[in-house]
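Enquirer: Line order of the protein sequences matches chains D, V and C.
Residues 15 to 339 (this note's numbering) are what the first sequence spells out, left to right.
Residues 6 to 271 (this note's numbering) are what the second sequence spells out, left to right.
Residues 13 to 261 (this note's numbering) are what the third sequence spells out, left to right.
Misleading hints may appear alongside valid ones.
DEER-style ranges, computed between Cβ atoms [claimed, not checked]:
(1) V:Ser51 / C:Asp89: 24 to 30 Å
(2) V:Ser51 / C:Ser223: 26 to 32 Å
(3) C:Gly144 / V:Thr63: 26 to 32 Å
(4) C:Asp208 / V:Val103: 26 to 32 Å
(5) V:Arg85 / D:Ile181: 38 to 44 Å
(6) C:Asp208 / V:Ile256: 45 to 51 Å
(7) V:Pro126 / C:Asp208: 21 to 27 Å
(8) V:Arg87 / C:Asp89: 56 to 62 Å
(9) V:Thr63 / D:His66: 58 to 64 Å
(10) D:Glu116 / V:Pro190: 19 to 25 Å
(11) C:Ala140 / V:Leu75: 42 to 48 Å
(12) V:Arg55 / D:Arg137: 41 to 47 Å
Incomplete in silico selection of chain V near chain C, CB under 7 Å [to be verified]:
(13) Arg119
(14) Ser120
(15) Pro136
(16) Tyr221
(17) Tyr233
(18) Val234
Everything labelled a hint here was simulated from the structure, so no lab data went into it.
Here a beta-carbon is modelled for each residue, glycine too, at the ideal position from N, C-alpha and C.
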Amino acid sequence: MSALDLDVVVPDRVAVALTAEPGEVVAVIGPNGAGKSSLLGAISGLVPAEGHVRLDERDLLRLPARERNVGIVFQDRVLFPHLSALENVAFGPRSRGVHRGEARTVARDWLERLAIGHLAARRPRELSGGQAQRVAIARALAHQPDLLLLDEPFAGLDVSVAAGLRIELTRHLASYDGITLLVTHDAIDALTLADRVLVIDEGAVAQIGTPGDVAARPRTEHVARLVGLNVIRDADRFRCFSPGAVTVSLARPEGSARNLWRGSVLSAAPHGDAIRLLVSAGPELIADVTPAATRELGLEPGREVWLSVKETAVDTYSVATGGDR
Amino acid sequence: MRHDPLGRPPVLLLVPAGLAVLVLLLPLLVMVASTDLPGLLDQLRSEPLREALWLSVTTSTAAMLVALVLGLPLAWVLARVRFRGRGLLRALVTVPMVLPPVVAGIALRTAFGRSGFLGEPLLEATGFAFPYTTWGVVLAHVFVAMPFVVISIEGALRSAGAQYDAAAATLGASRWTTFRRVTVPLALPGIAAGMVLGWARSLGEFGATITFNGNYPGTTQTMPTLIYVTRQSDTDAALALSLVMLLVSIIVLVALRERWLGTGTT
Amino acid sequence: MKQHLIVAATLTLLLPLAACGDEGGDGGDGGGELTVLAASSLTDVFEELAATFEDDHDAEVDFSFASSTDLAEQVADGAPGDVLATADETSMQVAEDAGVAGEVETFATNVLVIVTPPDNPAGVESLADLDGATWVRCADEVPCGRVALGLLEDNEITAAPASLEEDVRSTLDKVISGEADAGLVYATDAVAAGDDVATIQIPGAESRLTSYFLTTLEQSEDADLAQEWVDLVLSDEGLQILEEAGFGS
Numbered sequence: 015m016s017a018l019d020l021d022v023v024v025p026d027r028v029a030v031a032l033t034a035e036p037g038e039v040v041a042v043i044g045p046n047g048a049g050k051s052s053l054l055g056a057i058s059g060l061v062p063a064e065g066h067v068r069l070d071e072r073d074l075l076r077l078p079a080r081e082r083n084v085g086i087v088f089q090d091r092v093l094f095p096h097l098s099a100l101e102n103v104a105f106g107p108r109s110r111g112v113h114r115g116e117a118r119t120v121a122r123d124w125l126e127r128l129a130i131g132h133l134a135a136r137r138p139r140e141l142s143g144g145q146a147q148r149v150a151i152a153r154a155l156a157h158q159p160d161l162l163l164l165d166e167p168f169a170g171l172d173v174s175v176a177a178g179l180r181i182e183l184t185r186h187l188a189s190y191d192g193i194t195l196l197v198t199h200d201a202i203d204a205l206t207l208a209d210r211v212l213v214i215d216e217g218a219v220a221q222i223g224t225p226g227d228v229a230a231r232p233r234t235e236h237v238a239r240l241v242g243l244n245v246i247r248d249a250d251r252f253r254c255f256s257p258g259a260v261t262v263s264l265a266r267p268e269g270s271a272r273n274l275w276r277g278s279v280l281s282a283a284p285h286g287d288a289i290r291l292l293v294s295a296g297p298e299l300i301a302d303v304t305p306a307a308t309r310e311l312g313l314e315p316g317r318e319v320w321l322s323v324k325e326t327a328v329d330t331y332s333v334a335t336g337g338d339r
Numbered sequence: 006m007r008h009d010p011l012g013r014p015p016v017l018l019l020v021p022a023g024l025a026v027l028v029l030l031l032p033l034l035v036m037v038a039s040t041d042l043p044g045l046l047d048q049l050r051s052e053p054l055r056e057a058l059w060l061s062v063t064t065s066t067a068a069m070l071v072a073l074v075l076g077l078p079l080a081w082v083l084a085r086v087r088f089r090g091r092g093l094l095r096a097l098v099t100v101p102m103v104l105p106p107v108v109a110g111i112a113l114r115t116a117f118g119r120s121g122f123l124g125e126p127l128l129e130a131t132g133f134a135f136p137y138t139t140w141g142v143v144l145a146h147v148f149v150a151m152p153f154v155v156i157s158i159e160g161a162l163r164s165a166g167a168q169y170d171a172a173a174a175t176l177g178a179s180r181w182t183t184f185r186r187v188t189v190p191l192a193l194p195g196i197a198a199g200m201v202l203g204w205a206r207s208l209g210e211f212g213a214t215i216t217f218n219g220n221y222p223g224t225t226q227t228m229p230t231l232i233y234v235t236r237q238s239d240t241d242a243a244l245a246l247s248l249v250m251l252l253v254s255i256i257v258l259v260a261l262r263e264r265w266l267g268t269g270t271t
Numbered sequence: 013m014k015q016h017l018i019v020a021a022t023l024t025l026l027l028p029l030a031a032c033g034d035e036g037g038d039g040g041d042g043g044g045e046l047t048v049l050a051a052s053s054l055t056d057v058f059e060e061l062a063a064t065f066e067d068d069h070d071a072e073v074d075f076s077f078a079s080s081t082d083l084a085e086q087v088a089d090g091a092p093g094d095v096l097a098t099a100d101e102t103s104m105q106v107a108e109d110a111g112v113a114g115e116v117e118t119f120a121t122n123v124l125v126i127v128t129p130p131d132n133p134a135g136v137e138s139l140a141d142l143d144g145a146t147w148v149r150c151a152d153e154v155p156c157g158r159v160a161l162g163l164l165e166d167n168e169i170t171a172a173p174a175s176l177e178e179d180v181r182s183t184l185d186k187v188i189s190g191e192a193d194a195g196l197v198y199a200t201d202a203v204a205a206g207d208d209v210a211t212i213q214i215p216g217a218e219s220r221l222t223s224y225f226l227t228t229l230e231q232s233e234d235a236d237l238a239q240e241w242v243d244l245v246l247s248d249e250g251l252q253i254l255e256e257a258g259f260g261s
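The following block holds chain D by itself, in its conformation from the complex (with noise of 0.2 Å):
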């Protein structure tokens, strides 16, 4: 398997530069609308772009998309529906020129390795979320893909059908020999499969480091809610917070002006022990406060309170570096 150096513009969507090694998994994140499904889509060949993914001596973006080698898992899944689960896992290797019954040997293989086998005579209605999308994601690597694509996999499951599959992806990504991209909202999904982040915003690479690098120091509002950090840009620098590190009061606090909002409680929930208030400070802060404090308070959707944090919790870097590649 070969290096990925990748450098593509989808006009007027995403401009994304991007290396990678064999075996990792890198996933892209980002808000609705940033460019990446229009990064999926330019590498798989369905978006017109520009510039090059090269592959070892091929330049995937001067192929037509049927020769680039590139497995796809879609947002919708987009198994075909007049085919059986064992059907569309052997389209790959069929359309490929593999004989049909040894496509379907490899099929069942995988199939079984992801715990469906029993289902190869199974038609994709006729399929749950959770196997559907294992189907899915074996008709992506059943052709042997020199790169995998994942869009949202885990998108529209039960929360323990997802971390379930989670498990499963994790297992088989690491046996898997060439590079995944996988676009996902979640977090979770960022933080236990990824060897590294890519955070695209509006169209361009916010920041780019490992999952750990990229969770402490978000420097999009888009990460740092992901993983409930307060960031905020202050000319060339990036400040970030914990809402553990948050003080609310009702009255003015004494303290450096520097560090003091105030606003109003949008939102108040649950969040393990405590109790993660949203308020809308100017810009959007979070504060965990103690369910008594809550109450004492009286601090519920409308309330005025005054927001405070002691500098030295404060995590300052600069805007200016995008990261580790």
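Position chains V and C relative to chain D; hints supplied.
Expert: Then chains V and C, alone, in the frame of chain D:
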């Protein structure tokens, strides 16, 4: 009427629907009622009827198949390939549908007639010409029926979702493989509907056939033509023949509807 | 506002008066209207006669040209009309049986002729030459077809036509367009086609004569006018025009 959870159908819709049924069915019902049975049985035994019926059914089936073989690829091109003038081509392909049948016959004649643009060279080169032959009947039927087939199939292809074609491409399938294994199977209900429409139109075809092919028992005399000339001398016989044609049509259409259009649609 | 209402009301009341002037037919003021139902083969002749008639009688003539069978059926059913002219006896009989025919007169005859494209590509000179050519005639169920059948039998011609057309105009049309090498049509059709066809007389065709019948109709709204039309057709002028068109007497 079974209780419908969405409520009773509104009268505002039921009344026009009822009128539609009346307009469509009343003439047929009266025609059936006006036919006398012994005359009908006589007709069933007559050779011109059997010849005409056989000819109608075989030419319609042949025309439907030709329309499918030629029309399905055309529908695919119109639905899946982007090219300049596509909209215009789509409109032109449906013109035979709006042409008065006699005009269609004249058009066919100017192109394929014995002294036609293509027909004359063909006649000189091979000694064969379409007019007055059963092949000519098939040609005329293809001309009038194919637009129906193309439109039905194109509609089915467009709504069948190009996303499946895209998925197939990413899995390595060539466009031909995709057509064979994905596009056509998924569009099958639409294709079937198009074929039924084409067959039905072909069965009822009269104006183009008689103008282009003439009328001769056994070769070019289809049921509609037989009915028309019979009517000149014996209206009761014509009525009986019409009834026979009606019955055959109903039987085939009902059978086809159940098999082809009953499954696959919710 | 009130003024507008008055104007509108006045205009509305005046409208019916404007319509009054139109009663009694369009075009002719005080003139009559005549509806003539005639066999298709009489089209040219009758339209020529209509020109004379309209001038002389200050009336308007409306025609309905169709197959004699259709017309007879229609008048038997009571369709409106003043005069009926058929190309065969059977149709006229239908009208008579239905009690709608007045006094029936024979006024013309017609014979079948062979027509070919002007260059006569198949070299047809007689009925016998039809064998091997692509030729057409009317279907047996229509009057001109019955005559053709009889004529062919008389001459022991067994050659089959390529097509049996539903009326004589279609037959002629096939020959004119070059789709058929020859066709059997009425002499009058050949005359009307002029240079578009070459005509060959059939010896003995008079033995299978087509006679034309004319009558006023009971449902006529102007019996006098109807009779005047019949008179015109039977007059010298009428007979001359008929002869020029190729009819026999």
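Enquirer: Now tell me, hint by hint, if it's right for this structure.
Expert: Hints, verified against the model:
As the Cβ distance of Ser51 of chain V to Asp89 of chain C is approximately 27 Å, the hint placing it in 24 to 30 Å holds. Roughly 31 Å separates the CB atoms of Ser51 of chain V and Ser223 of chain C, a value that falls within the hinted 26 to 32 Å. Checked against the hint of 26 to 32 Å, the C-beta distance between Gly144 of chain C and Thr63 of chain V comes to roughly 28 Å, which is consistent with it. At roughly 30 Å, the beta carbons of Asp208 of chain C and Val103 of chain V sit within the given window of 26 to 32 Å.
At about 41 Å, the beta-carbon gap between Arg85 of chain V and Ile181 of chain D stays in the expected band of 38 to 44 Å. Taking the beta carbon of each, Asp208 of chain C and Ile256 of chain V are about 46 Å apart, inside 45 to 51 Å as hinted. For Pro126 of chain V paired with Asp208 of chain C, a C-beta distance near 23 Å keeps the hint of 21 to 27 Å intact. One distance hint, 56 to 62 Å for the beta-carbon pair Arg87 of chain V and Asp89 of chain C, holds here, with the actual separation near 58 Å.
Distance hint check: the CB atoms of Thr63 of chain V and His66 of chain D are about 60 Å apart, consistent with the given range 58 to 64 Å. Hint check: Glu116 of chain D to Pro190 of chain V, Cβ distance near 22 Å, so the stated range 19 to 25 Å holds. Judged by the Cβ atoms, the range 42 to 48 Å given for Ala140 of chain C and Leu75 of chain V holds: they are separated by roughly 44 Å. The hinted window of 41 to 47 Å between Arg55 of chain V and Arg137 of chain D holds, with their beta carbons roughly 46 Å apart.
At about 5 Å, the closest approach between the beta carbon of Arg119 of chain V and any beta carbon in chain C falls short of 7 Å, and the interface hint on this residue holds. Residue-level restraint check for Ser120 of chain V holds (minimum Cβ-Cβ distance to chain C is 3 Å; threshold 7 Å). Checking Pro136 of chain V against chain C: minimum C-beta separation of about 6 Å stays under 7 Å; hint holds. At about 5 Å, the closest approach between the beta carbon of Tyr221 of chain V and any beta carbon in chain C falls short of 7 Å, and the interface hint on this residue holds.
A least Cβ separation of about 6 Å between Tyr233 of chain V and chain C falls short of the 7 Å threshold, and the interface hint therefore holds. Hint on Val234 of chain V holds. Least Cβ distance to chain C is approximately 4 Å, under the 7 Å limit.
The structure shown violates none of the earlier numbered hints.
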